Amino acid sequence: MTVRTRIAPSPTGDPHVGTAYIALFNQCFARQHGGQFILRIEDTDQARSTPESEQAILDSLRWLGLEWDEGPDVGGEYGPYRQSERRDEYRAYAEQLVESGHAFYCFRSPEELDAIRDARREQGLNPGIKGDLELPADEVRRRMDAGEPYVIRMKVPEEGVCEIEDMLRGTVTIDWTQIDCQILLKSDGMPTYHLANVVDDHRMGITHVIRGEEWINSAPKHRLLYDYFGWDMPTLCHMPLLRNEDGTKLSKRKNPTSIDLYERLGFMPEAVLNFLGRMGWSMPDERERFTLDEMQAEFDIHRVSLGGPVFDQAKLRWLNGLWIRETLTDEAFMDRVGDWWFSRDQLAPLVPHLKSRVETFSDIAPMASFMFSGMLDVRPEDFQHRKLEEETVRRILQFALWRLEAERHWSRDTVFADLKALAGAMGLKLGEFMFPIFVAVAGTPNSWSVVDSMGLLGPDVSRARLRHALNVLGGFSKKQAKKVEKEYAALETGE
RNA sequence: GUCCCGUUCGUCUAGUGGUUAGGACACUGCCCUUUCACGGCAGUAACAGGGGUUCGAGUCCCCUACGGGACGCCA
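With the UniProt record's numbering applied, the first sequence corresponds to residues 1 to 495, in that order.
Fair warning: there could be bad hints in the mix.
30 Å max Cα-Cα, derived DSS-like pairs, lysine-lysine [stated by the list, open to error]:
1) Lys-479 <-> Lys-252
2) Lys-252 <-> Lys-387
3) Lys-252 <-> Lys-483
4) Lys-249 <-> Lys-186
5) Lys-429 <-> Lys-483
6) Lys-429 <-> Lys-249
7) Lys-155 <-> Lys-186
8) Lys-252 <-> Lys-355
9) Lys-155 <-> Lys-252
10) Lys-479 <-> Lys-249
11) Lys-478 <-> Lys-420
Simulated from the structure, these hints should not be mistaken for laboratory data.
All figures in this text were calculated on a predicted structure; none of them were measured in a lab.
Just need the whole structure built from these sequences, with the hints factored in.
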């Protein structure tokens with residue numbers, strides 16, 4: 001049997017280091033066994049999936065040096081590799097389960113579902129949707145004929161236990177009472193993760209599912225689906241979750257998680273991948289620096305340790321420095337730096353700003369240094385303004401950050417539109433409103449259009465600098481945060 | 001609230017019954033050096049706690065504590 005593994009990102013946001021982490025281990029496992037590594041796009045969430053995000057994820061994973069044998073961009077015999085293009089298939093499988101008595105149509109309203117959850121919680125049960133949900137056949141037919149929206153839910157045993165075999169943890173036992181009647185087909189006709197994942201993994205011949213630990217509790221649902229269909233279940237392996245410094249699951253609120261940010265800050269892809277390979281894993285000889293090829297050659301999934309590793313920026317920076325010093329010739333260094341940011345393509349958009357302002361070429365360095373930096377060394381006094389209270393400054397930064405975090409299409413124009421609307425909603429003059437944004441992003445109010453700068457710097461760096469500025473100013477206490485959040489919500493709806 | 005998973009220096013880890021518990025980042029000191037960085041050397045620092053099993057437990061078992069995760073028509 002040929003080993004086949006996969007990474008199945010959901011194109012709903014910025015390329016995440018966690019995705020790359022899981023992809024890395026899947027690729028290593030497949031290569032080590034002479035098998036194939038597949039990339040599949042799980043875009044069943046119609047509301048949140050975007051083509052831009054999909055492209056960004058593919059680009060980022062490829063930037064890191066990962067290579068999949070099959071995928072939406074490279075093709076393969078098991079396509080299509082985009083779940084939105086397989087939608088009819090899932091429906092057929094879901095209906096097959098209804099016919100075989102393993103699933104049923106469900107018409108419950110959100111209010112009814114909430115009531116079920118509350119009732120179960122009160123009884124000290126897991127609040128998942130479960131119990132007497134099925135309707136008589138004629139009632140189902142009547143409601144369907146009437147055009148009522150429905151979902152298909154899987155049936156789950158009321159008692160007994162489900163045993164899951166995990167490559168690293170051995171047998172995990174989960175009581176069936178903990179497992180809810182999972183929705184398989186949503187009312188929009190799209191499958192949920194659980195159905196689509198099982199169907200695709202089977203249809204694509206996936207033999208080993210290496211995924212994050214967050215999935216371990218839903219493994220019984222998957223086990224059950226494989227049984228209902230009469231399919232062999234792939235071997236499961238749940239990786240530890242990457243953590244923030246405080247031990248919680250890695251999140252962009254507390255850590256830079258976007259692969260693009262590391263690219264923009266001038267990390268070498270080899271170093272980032274190397275660092276991810278040191279998360280929960282080590283080489284047999286414990287060397288710190290190794291290439292993807294070396295990792296693949298020495299790979300052993302059983303060397304994964306289960307404690308959730310903290311994603312330590314300091315060590316990543318050290319490792320990147322090591323890569324620069326030890327692996328780059330002077331020629332390669334020049335090429336890398338040139339490609340990174342000082343290429344003609346990168347510089348071109350800056351020329352209009354620079355040419356009109358400099359008297360000598362040497363004026364460029366201090367003027368444009370913020371365009372080539374990571375976090376800026378800003379101080380609270382830099383944000384003092386003769387007309388703006390510090391409270392207002394903090395609100396401007398916070399609101400701008402929230403607004404820009406919600407922005408899906410990043411460009412000079414969208415950023416400008418966002419900020420202008422926000423300034424209007426806050427009743428501030430655009431010039432005053434922009435002051436703290438200038439300081440946060442450019443380090444000084446005396447620069448060219450900060451909106452242009454943000455367009456060029458990209459969402460990750462721009463947002464990170466706003467966040468940094470907010471921290472420098474002390475941020476908001478928990479109490480204040482609630483109030484400020486309310487104010488922001490009011491601004492948003494009031495427009 | 002219910003359940004699941006985890007727990008070696010601050011952090012990343014080595015360790016699969018017998019080790020002075022090793023390495024790396026960070027930190028501190030010294031050396032190199034016009035400075036800084038790099039490099040070299042040295043130092044501080046860990047088996048969560050309690051019970052077993054065993055001649056012997058970081059390693060095996062149980063309990064407790066702590067941490068994390070899941071409980072969505074998100075994945």
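Going through the hints against the structure:
1. Restraint check: the Cα-Cα separation between Lys-479 and Lys-252 comes to about 22 Å, which is no more than 30 Å; the hinted pair holds.
2. A distance of roughly 33 Å separates the Cα atoms of Lys-252 and Lys-387; the hinted pair therefore is violated under the 30 Å criterion.
3. At most 30 Å may separate the alpha-carbon atoms for a hinted pair to count; Lys-252 and Lys-483 meet this at roughly 22 Å.
4. Distance hint between Lys-249 and Lys-186 is fulfilled; the C-alpha atoms sit about 28 Å from each other, no more than 30 Å.
5. Taking the CA atoms of Lys-429 and Lys-483, the gap is about 23 Å. The hint holds against a cut of 30 Å.
6. Only pairs whose Cα atoms come within 30 Å are accepted, and Lys-429 paired with Lys-249 is rejected, the gap being roughly 40 Å.
7. Restraint check: the Cα-Cα separation between Lys-155 and Lys-186 comes to about 15 Å, which is no more than 30 Å; the hinted pair holds.
8. A C-alpha spacing of about 37 Å is found between Lys-252 and Lys-355, which places the hinted pair above 30 Å, so the restraint is violated.
9. For the given pair, Lys-155 sits about 36 Å from Lys-252 by alpha-carbon distance, which is inconsistent with the 30 Å threshold.
10. Proximity of Lys-479 to Lys-249 is assessed by CA-CA distance (about 24 Å); at most 30 Å being required, the pair is judged to hold.
11. Our distance criterion of 30 Å between C-alpha atoms is met by Lys-478 and Lys-420, whose separation comes to about 28 Å.
The structure fails to meet hints 2, 6, 8, 9 from the earlier list, while all remaining hints are met.
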